[in-house]
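Undergrad: Each chain, letter by letter, is given below.
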Amino acid sequence: MSFPLLTATAVLPAIGAVATAAVPAARRTAAKSLALLVSLATLALAITILVRFDPDGGRYQLTESHAWIADFGVRYELGVDGIAVALIALTALLMPFIILAGWHDADPLETGSKRWRPTQGFFALILGVEAMVIISFEATDVFLFYIFFEAMLIPMYFLIGGFGDRAHEHGEEAASTQRSYAAVKFLLYNLVGGLIMLAAVIGLYVVAGNFSLQEIAQARANGSLHMATNTERWLFLGFFFAFAVKAPLWPLHTWLPNAMQESTAPVAVLITAVVDKVGTFAMLRFCLQLFPEASKWATPAILVLALISIIYGALLAVGQRDIKRLVAYASISHFGFIILGIFAMTSQGQSGATLYMVNHGISTAALMLVAGFLISRRGSRLIADYGGVQKVAPVLAGTFLIGGLATLSLPGLAPFVSEFLVLVGTFTRYPAIGIIATFGIVLAALYTLVLYQRTMTGPVKQEVSAMPDLRARELVVVAPLIVLLIFLGVYPKPVTDIVNPAVKSTLSDVHKKDPKPEVEAVAK
Amino acid sequence: MSASAVHSLWTTAATAADPISKIPAPKIEYGQLSPTLIVVGAAIVGVLIEAFVPRKSRYYAQVFVSAVALVAAFAAVVALAAGGYGTTKAHIAAMGAIAVDGPSLFLQGTILLSGLVGLFTFAERRLDPETHGNRVDSFAAQAASVPGSDSEKAAVKAGFTTTEVFPLLLFAIAGMLVFPSANDLLTLFVALEVFSLPLYLLCALARRKRLMSQEAAVKYFLLGAFASAFTLFGIALLYGYAGSVSYATIAHVVDGSVTNVDPALANTMGNDALLLVGGAMIVMGLLFKVGAIPFHMWTPDVYQGAPTPVTGFMAAATKVAAFGALLRLLYVVLPGLRWDWRPVMWAVAIVTMLGGAIVAITQTDIKRLLAYSSIAHAGFILAGVIATSKDGVSSVLFYLGAYSFVTIGAFAVVTLVRDAGGEATHLSKWAGLGRRSPLVAAVFAVFLLAFAGIPLTSGFAGKFAVFKAAAEGGAAPLVVVGVISSAVAAFFYIRVIVLMFFSEPRPDGPTVAVPSPLTMAAIGLGVAVTLVLGVAPQYFLDLAAQAGVFVR
Amino acid sequence: MNPVNYLYLAALLFTIGATGVLIRRNAIVVFMCIELMLNACNLAFVTFSRMHGNLDGQIIAFFTMVVAAAEVVVGLAIIVSLFRSRHSASVDDASLMKL
Amino acid sequence: MENLIALLVAAPLLGAAVLLCGGRRLDAVGQWIGTVLAGASFVIGVVLFADMLGKDAEHRILIQHLWTWIPVESFQADVTFRLDQLSMTFVLLITGVGSLIHLYSVGYMEHDERRRRFFGYLNLFLAAMLLLVLADNYLLLYVGWEGVGLASYLLIGFWQHKPSAATAAKKAFLVNRVGDMGLSIAIMLMFTTFGTFAFGPVFSHVGETGEGKLTAIGLMLLLAACGKSAQVPLQSWLGDAMEGPTPVSALIHAATMVTAGVYLIVRSGAIFNAAPDAQLAVTVVGAVTLLFGAIVGCAKDDIKKALAGSTMSQIGYMVLAAGLGPIGYVFAIMHLVTHGFFKAGLFLGAGSVMHGMNDEVDMRKYGGLRKYMPVTFITFGLGYLAIIGFPGLSGFFSKDKIIEAAFAKGGTEGWILGGAALLGAAITAFYMTRVMLMTFFGEERWRNQPTRSPEAASAEPAAEHHGEHAEPHPHESPKVMTIPMIVLAVGSVFGGAFFSIGDRFLHWLEPITGHSEGNSPLSAATVTGGTMVCLLIGVGIAYAMYGRRPVPSVAPRGSLLTRAARRDLLQDDFNHVVLVRGGEHLTRSLVYVDHTLVDGVVNGTAASVGGLSGRMRKLQNGFARSYAVSMFGGAAILVAATLLMRAV
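Line by line, the protein sequences are chains A, B, C and D.
Per numbering that gives the first Met the number 0, the very first residue in the first sequence carries number 0; after that it's consecutive.
Per numbering that gives the first Met the number 0, the very first residue in the second sequence carries number 0; after that it's consecutive.
Per numbering that gives the first Met the number 0, the very first residue in the third sequence carries number 0; after that it's consecutive.
Per numbering that gives the first Met the number 0, the very first residue in the fourth sequence carries number 0; after that it's consecutive.
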């Protein structure tokens, strides 16, 4: 048996988390560096996965399978397809930046007891989340996936509730109450989703007798496992609900703005760029493979909801007064696109959606982290408190603009590719929906440019006049992301090559084919 | 029935040629009853110790004896299980009074272990500040002396401690060992009283807040006696129905498989009204013990008032024993009645799950909070009971095992958080505990998460097992309700965590006492079991699965 | 005379006892009512024993008495200690813990 | 040879990258790096052009495949360049005019400390524009399309400290986005119809699908063109775009970018030819815009805004021509090129005037400048003659051809369109004469004036180095600025003649666009005559109004039409009321809904559970007897229920 690469990739950050937590209270920098090192090592492992993965090979590769809880029909089964590989790479890639960006976010200012170690805790929790996210991308056993899908909430919860923006307009007391409100809201939304999914998971067991994704999908395919139509639909809804909360899909989205608003920028990135991806990823992997018929049955409703998310999220983003909330609603709109792409059931749509997950991760990270740097300088999240920053901190403004342009998916930057694929993929099957969704790109331009104009341009505000430009550490965080945005915008082929085969087999699971063009203009 | 028939009773007896030979000597399988016997024996020894050993060394003697007894008893259980008494050789012992089979052995093992852990918390003497140079535990110096009276002061000054708690504990455990394995209603009743009465007393023995402690005892006692009166009447009715208190016989009568009913008895025997009313009343008695709504109302008050070690032990062990008895009753005696009691139990389970979770939301005292949480958990377990399948039994067994350790551990943590007035149980005092002593807070958080059924804790494995069994038993709606109420329940567990970690510590906040290895062991064991059963439950699930068969 | 009547009596006694538990304040009286219920049970046992023509019921009655006696011991101990510390045996006064 | 094509784009792109990432150390030389790279791109263009001339017509198409861009199943987007006569024309125009304007800017932006970034943006624009015209498929074209949009956004808002500039930039980008929506929808339609969006396959299979599809595609393309080329109804951004530095107005908002729409339509000729309805829509839009722009141009006192209006209207001509199909394509492009010359020249002239007048833009504060800035006067004058279509100058040839073609469309349409075109010519003559007279003739209204009208205050930081106060001292601009003007003037004088004599331009483009002589109801001579008449009328009226009597230095209230025209014929007000206000209300109410409704439901549930809990808690009243009651009741219910179960 070969080296368990997947397990290693998930376990390494877990160990790192424990180690980081164990660092004595005084040795803060040591803890930070340790965390950074671990995240880099994990990145190395993720890259190995990327290299070892053969796009044209079997569907699930690098598989591992061990007996675990026979009574529950649960096995410890790992395996990655192209989609998972892409997302694992994204996760591992973003982590070092998140850690680096949050370098000073958790330095304790109040004096707790000798043993109170917020900094260690902060970075340990981040690594813990990484571990859980990675393993839930790898799990091919529904139960295994569920366990980490749920367990993930706990560290996230502490990250949101425990660490917020330093300066706060209403003072620390109000801040902590708002934070714990946001944290509790986040947890309850996702927990309710998760518990409803639990019911469905149990139901699945009752129906299928085991949790192995491959076995069940196979049994569904060759008809040896028959589900009554209603059963399948209920189970599908149970699963989808949880993922829709996580994603988040309108109208289950309201936890996201609070969570992102109250948590520090790196954590906010962790939420949207990494953790929420598990939801959309799971739709693609579990909903479609386990319940193909029900998925098709639910498609119209889901498409409409996704459409609402796109427009609604964008419109609300326009109406926000708080930078982070704005980004949050923008993300809601983007998740609408992802879900749209998934359930358009076309190869363009789903490849686009997968690509979108990656690109959105990078672009949001870029935008949000720069916004975080901005906020940490001025100590306010309110758009109205800024103005003319471009004059005093041109580099900051420039990077912020690029992040924004990525968010409005400007051609030449990565998000454009994915967004256009999603639109085309949707359009080929549902023209009307595709066209309405296209309005989203206008609104995206609106909220992004309004944000940029209000904060960066115009006469220089008194409070920002002394604002320093990006520091070296911050530049190190942002620059690679921007390079990546441009590279993937110009040459996304490496990613699409990995993703396409996986999408192809997913589509074949739901027995869907791309609609043929009316005229065969290209010779096959 | 005719007078002559009755008369014949006496005459036959009177005209016995050789009465002695007529009465068969009882045949007792001492080996198979050894766990119980060991504990009872040790308890009696404890009483003797109280009588003869000088005060100074009583504590050590008691702790030693009890510990040895419990370990030995546990060893006996293991030996029996290894001997196959849990599976192949399972049978009815002691003239049909005791059933030695999988469930009873499993539950006895669980009870003994939680009893041992409970003993540790009982024996803890480092938490309370020393008074007059004497180490003291959490029990009254002299139960008889009036709170705040001179006699009490004198007793404290003299450094008295109520070492009687140890024999009491042992008696309670003995009763609990018999309770789930009782195979006739009389034994059931006696066992019920045998473990209830010591608990009533233990509740009254708190060192601090004695008024509350006594009040708890009174409430527990009165309500408990009230409930057992109902149970007893139920037993009487069943006896009237079946003409016997033996489970097997009753089951036969219920199935209608019993032959040659004396026509003289026909008018009572097999009278379903008697059966149903009687059965309902017994079940009610058991539901009282497990604290199911609407028989739960004693739980919060008693849990709050009783000395915390007692609360922990009670919460864990009583539930185990009572659910064991309930299982046996429903699976062995009344399976024929399934279609009558299942809907009722459905209702009870639903009300209990939801009610417990909802009321807990607004609790302000940590012990009451845990009390309501235990009520909600009773509801979850009931869902498993209702499955009426082998899986149902084993899932309930597993859940009980997992739950008891979490509970004792949690209450043990509660004993650590103290201020001038003893334990600081008001939630507001727990604010910012995570800043003061992260470790304790973290441990407690683990227990709370286990209660909430978050994956990778034993709570999740147990909940999953139970719900799975219920779903397979066709109780999908129950599963949904259970899921919803877990969501509600999650809310208040989370609230405590928020309080501990996210809110600023009070300047007048409590301190965390450094416990002796005893409590540490209790807590450590709790954490260990919680995590092991959460991550790798397979072995224990197998165990429970093997133990899932009742002997008839 | 039909022994079934004894059953009715037993039921009656049981109900009286239960009612007493619900309406009386004094702990001692409440406790006595519980004892009454237990005795009602005994009566039922004995009656059934007579109707079935086997001795189990009568033996059980003895067991019950013993248990009841033990209960009295424990119960009185608790109630008395409560009385001494509160100078009242009213169950309603003992309501420190609520909600 | 085709490998050079990439370099065309690469050179300015490199410039942009270097200048924008280079940092302060490049501040000193930045402008020259930019100019040189622009020039380099022009040189490459010329080389390729020479090479192309060497070949015969049918081998002139060069294809350079660089790499596969987005491959997803049947969706295959490549990065492939296509250089044919059409794109060649644009390449030369873009790089040529572009280089000149780079040169001009070196002088114009001399005193701006953020000069480096300015040239970076200019290069970025060149790269994007070249990408646009060189792309071999619509998706790649789309990249260039939005790229130029970005560049124009950055350049319009170059003086970001001016809220007006920032707003104008944002507006431009947004309005363009609306157009871009059209383009992306068009691409999707093509993909669903043809399974591809590469020029070759699409055009060659146009015949195989229904006209409905093609009309839809055509209309979407038209929407895109409207956005980029400031055609009604998406023209509103162009006027505000004048907030940008004048060279930007010259290059992007006169010569090149705004003509992209025309390029798109001409490039997609194959589609439009097969979709008459779409073509009709195009011609209508063109006709409406050419009048609209002209009218707006008449009312503006801001010299740049007046020119902007004129640009709009001139592009209207081109669009009109493009809408006419094969009859018009060539002339559309030809007018585009000549317009590129003279409009750029005019803007540079305007810039030069402002440069000399402390950045005063209000023509009412000009007057009699001809003797102070002769070069500017002459070049501007030539440009003026060219645009009004003075016989012999470039505008004359190109515009005349378009008017002919419009009539040649035939039928009532022909008459209407032709009439509109003629009317447009008259109005053009009027407003351009007005500009000319107000600026260079008449008494010197700038003497003893409170200088710098408030709205132009701090218009261009260059001003900070001139005297802020007292009256301006009109002076000629430095060589580096005048030379480009002269070059462009030459172009605008001889360009037209050069192209039309022997129909050079026609033969050059015909292989790509195709050409057909329509059967005009009027002879070419008649049309020319008519044009001349209109021209004279326009000039005459203008002279009567602004040449004969003095120009009031504060604008008179003017007629209803004038006032409407000053406000872009109320188009902005409409936008403001309907879109902006409405949008604000919508978002505000949605925010409210999200907070109260969507969020409220959840919080409400939580609250109600809490309340329930509080109420249920009361049952736990501490009295043992009430506990007993509940037990007793429970027991009763239990018993009753069990019996009931048996009963049913």
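Don't read these hints as lab results, they were simulated from the structure.
Nothing here was measured: the structure is a model prediction, and the numbers come from that model.
Heads up, the beta-carbon is just placed ideally off N, CA and C, and yes, glycines get one too.
Hints are not guaranteed to be accurate.
[As the list claims (entries may be wrong)] Taking lysine-lysine and the PhoX-like style, the derived pairs with C-alpha atoms no more than 25 Å apart in a straight line are:
(1) Lys97/C x Lys208/B
(2) Lys88/B x Lys26/B
(3) Lys515/A x Lys212/D
(4) Lys55/B x Lys152/B
(5) Lys212/D x Lys512/A
(6) Lys503/A x Lys390/A
(7) Lys88/B x Lys389/B
(8) Lys161/D x Lys390/A
(9) Lys503/A x Lys515/A
(10) Lys460/A x Lys161/D
(11) Lys97/C x Lys617/D
(12) Lys208/B x Lys617/D
[To be verified] Computed list of chain D residues with no C-beta within reach of chain C, every gap over 12 Å:
(13) Ile60
(14) Gln63
(15) Gly418
(16) Phe497
(17) Met630
(18) Ala646
Undergrad: Any of the earlier hints contradicted here, and which numbers?
TA: 6 and 17
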